[in-house]
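Take these sequences, add in the hints, and give me the full structure.
Number of protein chains: 2
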Amino acid sequence: MNIVPDWIKSYRRDLLPGDITASLIVTVMLIPQSLAYAMLAGLPPEIGLYASVLPLVAYALLGTSMTLAVGPVAVASLMTASALAPLAAPGSPEYIALAITLSMLSGAMLLVFGVLRLGFLAYFLSHPVISGFITGSAILITISQLKHIFGVQASSGDVLTTVFDIATRLPDANPATTLIGVLTLGFLFFARKALGQLLQKAGIPAATAALLGRLAPMVAVILSIAAVSQLDLANTAGVSIVGTVPEGLPALQFLVPDGNDLANLWLPALLISLVGFVESVSVAQSLALKRQQKINPDRELLGLGAANIASAVSGGYPVTGGFARSVVNFSAGANTPLAGVFSAVLMAVVIANLTGLFYNLPQAVLSATIIVAVTSLIDIKTIKETWQYDRADAVSLLATLVGVVVLGVEAGVILGVALSLAALVWRSSHPHIAVVGRVPGTEHFRNIKRHKVETLPNLLAMRVDESLFFANAALVQGKIESLVAADANIKFVLLVCPAVNQIDSTALEALTQLQSSLEAKGIKFMLAEVKGPVMDRLQPTELGHKLEGLIFLSAHDAFIYVERHHEAALKPV
Amino acid sequence: MNIVPDWIKSYRRDLLPGDITASLIVTVMLIPQSLAYAMLAGLPPEIGLYASVLPLVAYALLGTSMTLAVGPVAVASLMTASALAPLAAPGSPEYIALAITLSMLSGAMLLVFGVLRLGFLAYFLSHPVISGFITGSAILITISQLKHIFGVQASSGDVLTTVFDIATRLPDANPATTLIGVLTLGFLFFARKALGQLLQKAGIPAATAALLGRLAPMVAVILSIAAVSQLDLANTAGVSIVGTVPEGLPALQFLVPDGNDLANLWLPALLISLVGFVESVSVAQSLALKRQQKINPDRELLGLGAANIASAVSGGYPVTGGFARSVVNFSAGANTPLAGVFSAVLMAVVIANLTGLFYNLPQAVLSATIIVAVTSLIDIKTIKETWQYDRADAVSLLATLVGVVVLGVEAGVILGVALSLAALVWRSSHPHIAVVGRVPGTEHFRNIKRHKVETLPNLLAMRVDESLFFANAALVQGKIESLVAADANIKFVLLVCPAVNQIDSTALEALTQLQSSLEAKGIKFMLAEVKGPVMDRLQPTELGHKLEGLIFLSAHDAFIYVERHHEAALKPV
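Quick mapping for you: the protein sequence lines, in order, are chains A and B.
Take 17 as the starting number for the first sequence in the numbering used here and just add one per residue.
Take 17 as the starting number for the second sequence in the numbering used here and just add one per residue.
In short, the hints are calculated from the structure, not lab data.
Check before you lean on any hint, since a few could be wrong.
Copies of the same chain are indistinguishable here, so a pair counts whether it falls within one copy or spans any two.
As the list claims (entries may be wrong) - Result set (DSBU-like, lysine-lysine): computed pairs, CA atoms no more than 35 Å apart in a straight line: (1) Lys562 to Lys397; (2) Lys507 to Lys217; (3) Lys465 to Lys25; (4) Lys25 to Lys537; (5) Lys25 to Lys400; (6) Lys25 to Lys495; (7) Lys562 to Lys310; (8) Lys562 to Lys306; (9) Lys540 to Lys209; (10) Lys25 to Lys217; (11) Lys209 to Lys495; (12) Lys468 to Lys25; (13) Lys397 to Lys468; (14) Lys209 to Lys507; (15) Lys540 to Lys217; (16) Lys217 to Lys465; (17) Lys306 to Lys468; (18) Lys25 to Lys507; (19) Lys465 to Lys209; (20) Lys25 to Lys397; (21) Lys468 to Lys217; (22) Lys25 to Lys562; (23) Lys540 to Lys468; (24) Lys209 to Lys25; (25) Lys540 to Lys310; (26) Lys468 to Lys562; (27) Lys468 to Lys209.
Remember, predicted model here, so these are calculated numbers, not experimental data.
Rendered as structure tokens:
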């Protein structure tokens, strides 16, 4: 791996305008989002700002996506809150220290996975699990933010209690807060759904119109700060505001987690790493494909790992590649990660000089920003499509979704992964077994139930559509034995193995038993279309010796063997 | 299901002599074993006797094996001891109550699995895991019994401490106990290994000689009781004896486990049920095969479940079908489960009248019985064979073995199962992908690396030897994309799917993406040999529509399509 990234070596001046424009637009999105997501994570606003500087630079140096926008994101913030809530009081110094440690651990794990090239681990999170997880998280986040919209107290325990608290305390809602919250929500939804079309009708190009819509949160931030400052709403109307955000860049520090932190945080750190990695890679991949670029998953692990370590070192919390900002970065013309570096510089300028401006920012506006951002992640279409295509996948999706909402993010995602694995084992243990015959005039063998095929009365030819291993060996053996028991004409049993990629030792024993019991009944057991690697291991075994001359290249060859053998048997001696 | 078992309805008088002989011989084996295994389980001797009456009758009524001998067995006894040791003092009333509850829970689970026809669950314990588990348990049991052989104290904690305790305290060994222990061990090993051959040389038929060898433990029991009684070794030489065994049949009771018991015992009960079921079914199956009989795994669950409930009701502990006694029962001529009923009656007679005879039985003799029984379960041959056939299976086996010895029976078996599942997922996530070509003169397509085949310069034909699903979808997609990127001539990509039994929604999305990205490069994506069930689900999807006319019955058809298409493209318009 080169120390200097390729994009720096091959940088051309004509790429600069795109990178600068994109960085400006992304920064304007990033400021309200980093404040809002820090609030969602239970952290003071400055922690979100800190997580939006060095991580961007670290990713630019090690990542492989040209357009991924790294920083605080909604789902990782929710996961941070849910991991730390049992351990310390939100916003307390201990809580902040734990968030930094979580980022450090998560970064270290990603780096280790990257060095060991374990990028494939992320693929154990199936799309249905990821989709159910994201939709469930979005619902959970929305519910958690409602209290800020109305300015009421609500327990942050289980979701039912929270909903109940908000519903019963709605009469005590703070009117000014509610007004700000609902207006902002309305404005942001309008900006997202309709503003683009209106602007297009006014003659603005579609791409520009869409980008302008993305700036709406910043407009809401500026207008609401102005309103609260002018009318002194914090003091006169009890509107909750962000308050003092410390000015100045954070001191760098390197926290080494102790054993206690490790015990408490390894699982959330692992889940945040994996979920963040999967989300990030899928965004990066889909954007790269549009420009015929490539991303390298193992290098992405290093990039995101470095970003999280950088976040921890500069007092931030877990970060990853965000969906919405990356899309905006791409559409705004970002050509290289230099756009991210520029964003980092702009954020550093804001932190060093301008945090005072956020004093009067209402929390309700941040919550509205969060709600509008996450409701776009609620994906009903995928639920419908998955339901139509594959019920088992749909069940994983819904179980993960409900699990996340009812049991929490960690339990939900673990439930989803467990269900995916269980489905895998279940399917493998119930292999599709077809009795096959020859398609007339060809050398092909097909399911006798689906095709008009030729069969021989003394031959049972079966195809098992699965590797043979411990979870299905006994079932396959039993199935063949019962088919043989049902037809006294059978003198040959042929197992066609184009789908058998493996015969483990449990299955080897089952086949050996099967061969013996068939032999005892005067029935010949034969194999066909055994794959090379399977054959190599089968040959030196007891079964391999017994089957010498009875393993055929194709089912067709075995068919001919049985025909000849049968004719020979019919001839008088 | 009929209430009266078939074997009763079709019972013939000529079956009786075999059943009576077998029941006598099995009972003579069962008496010392039930005392010994109760000791191994940390229970008073009478609990072992109680577990040897009603369970045999219950199994006779519901089970499907004609020759399985149910009752206390070594491995389930070890598992009982290891489950209960942390919860109560061995031999205490609470401990006994927990053992009874464990049997009740285990029986209830087996019954539920039987009613739900979940017999297949047992197949998740692969042969290597079972083999490693049995060998590990045998080693653990042997080590646990050494203290009784030498009459020394030893902690029953982890295995290293136990071995260390015994080694350091060997100088304080009780001489009379050691003499009895070592003599019995020697006699029993001799009876097992050499007695049969000696008797054969003396003109006794092989089968009878082998059966006589099985009676050796009873001979050791009788001789040692006589010696201890005559020489008053318990009082004069400090030999540990069984002592008073309560006389009379147990009162029947029905214990309903409370929530606390459930929380403590569900996992051990589940493991005892599954391990016991697997062992029992494999013994029953192998014996049934020898006489062309059949056993029904789901009915076996009911039989063993009822046996365990019956054990609990009559004050016993977990039981299952034992290997050694079943083989003896079979060889001694048992024709039906009536042999088991007779054994139960004989045991009841012993319990009602003869328990006083066991007062002077030395514990060292029981330990020697256990050691000789379990060392025959240590299976080095399977370890060697598995190592040669399949390294991954050998690793599961050894990990389970070492896990059982070092971490204990529960952790060991869980580790083994986890490793088996991990291996399954790992293999599925690294599918074998072969670039294929046509075997000249045939319609068959084979790996270009293994066969001399014809290829077309503009066609990349690949066979994926695995179902496409979340754990391998991205890898397959990446592999194809990189092969395409490496060869600019490619205009057609053909995926041959004889081994693809499933395309889950994650893989569907990956293939949809792949098709789009290939289309963008002017490359046609084609499928061949798609299985019926996979095709049915693929057709109505977006990908299915895009691939219309590009899904071929065989790779050969696709090959011809590409040839024609290519020729057509070469012709001037």
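A quick look at each hint next to the structure:
1. Lys562 to Lys397: Answer is between: at 20 Å across copies they meet the 35 Å cutoff, but 55 Å inside does not.
2. Lys507 to Lys217: neither (78 Å within a copy, 42 Å between copies)
3. Lys465 to Lys25: Neither way: Lys465 and Lys25 sit 62 Å apart in one copy and 39 Å across, limit 35 Å.
4. Lys25 to Lys537: For Lys25 and Lys537, the Cα distance is within 35 Å only across copies (28 Å; inside one copy 74 Å).
5. Lys25 to Lys400: Result: close neither inside a copy nor across copies, 46 Å intra and 56 Å inter.
6. Lys25 to Lys495: Answer is between; shortest inter-copy Cα gap is 28 Å, intra-copy 63 Å.
7. Lys562 to Lys310: Result: close only across copies, 24 Å inter versus 51 Å intra.
8. Lys562 to Lys306: between (56 Å within a copy, 19 Å between copies)
9. Lys540 to Lys209: Answer is neither: 70 Å inside a copy and 37 Å across each miss the 35 Å cutoff.
10. Lys25 to Lys217: Classified as neither: same-chain Cα gap 43 Å, cross-chain 88 Å, threshold 35 Å.
11. Lys209 to Lys495: Neither, since 57 Å and 39 Å both go past 35 Å.
12. Lys468 to Lys25: The answer is neither: 64 Å in one copy and 45 Å across copies each exceed 35 Å.
13. Lys397 to Lys468: Intra 40 Å, inter 48 Å, cutoff 35 Å: neither.
14. Lys209 to Lys507: Answer is neither: 70 Å inside a copy and 41 Å across each miss the 35 Å cutoff.
15. Lys540 to Lys217: neither (78 Å within a copy, 39 Å between copies)
16. Lys217 to Lys465: Cα proximity of Lys217 and Lys465: none, with 59 Å in one copy and 60 Å across.
17. Lys306 to Lys468: Answer is neither; intra-copy 46 Å and inter-copy 39 Å both fail.
18. Lys25 to Lys507: The answer is between: 33 Å across copies meets 35 Å, while 72 Å in one copy does not.
19. Lys465 to Lys209: neither (52 Å within a copy, 55 Å between copies)
20. Lys25 to Lys397: neither (43 Å within a copy, 61 Å between copies)
21. Lys468 to Lys217: neither (60 Å within a copy, 64 Å between copies)
22. Lys25 to Lys562: Neither, since 64 Å and 41 Å both go past 35 Å.
23. Lys540 to Lys468: both (26 Å within a copy, 31 Å between copies)
24. Lys209 to Lys25: neither (41 Å within a copy, 77 Å between copies)
25. Lys540 to Lys310: Intra 53 Å, inter 21 Å, cutoff 35 Å: inter-copy only.
26. Lys468 to Lys562: both (33 Å within a copy, 28 Å between copies)
27. Lys468 to Lys209: Neither. Shortest intra-copy (55 Å) and inter-copy (60 Å) distances fail the 35 Å Cα cut-off.
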